[in-house]
Amino acid sequence: MEGVEWCQVGEPDQAEEHEEAAEGGEGDEETQSAAEVGGQEVAGPRWHHREGGAGSGEFAGAGGHGAVAAAGEDDVGTGLEGLPGLDGQPSVRPITCPFTGETLTAVAALNPDVAVIHAQHADRAGNVQLWGITGVQKEAVLASARSIVTVEEIVDELDPRPGAIVLPSWTIDAVALAPGGAHPSYAHGYYERDNDFYLAWDEISRDRDRFSAWMQRHVLDTADVTEYRASLAAAKVVAV
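According to this note's numbering, the stretch in the sequence shown is residues -13 to 226, in order.
These are computed hints drawn from the structure, not numbers from a lab.
With beta-carbon atoms standing in for the labels, derived distance ranges:
hint, residue 1, residue 2, range
1, TYR172, ASP142, 19 to 29 Å
2, GLN75, SER191, 29 to 39 Å
3, ARG203, ALA111, 36 to 46 Å
4, TYR184, PHE85, 40 to 50 Å
5, GLY166, ASP188, 16 to 26 Å
6, ASP210, THR120, 18 to 28 Å
We put the beta carbon where it would ideally sit given N, CA and C, even for glycine.
Sequences are here, hints too, so could you generate the full structure?
Here you go:
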């Protein structure tokens, strides 16, 4: 887009580096080279065992770890078993834990073609730093074949920050300078969440025609984040 500075960054020299960066997520984890899924053994690099339910973080977390699936206890008996994935095959299946013999629920790993995330800083070598409530942004980048990151600032050096995540340049394909790019959400240390926007968006998103008109006016007809914010300011309200 016009007015956006792009910084192309390289790919890893060795695939092993990507796998090492994906290791070490939070929570209780186990890995295994194969697991029994729906009565049959499924071979693969490993499966990823975490406490908790099968949310989007589990899909991306498994993919980011290079695993074929994430397994946990919380979804057993919830009726999610057999839920179809993008390929039409069940993406949630019961498995037997090879260590305890208990029944767990396995969720197939998600490996998107492209991940797009927003962060606070990138340095001039293409390394990205994000902090605050980061959700599954790290996992999304590591699970995806390609990744694009928009940032608040491009800086000379990434300063150490408590709890910050640094994504090395070889995990990222492009960085775009886009101040305010997290709107209507917030960027910790830069601006707060736009709560009025979320309240208005609840009504806009319920009506297809209204949603389409809003997207055309404020997103499709604007060239970049700066024009997007100017469009919202000119309208003085988030609704059309």
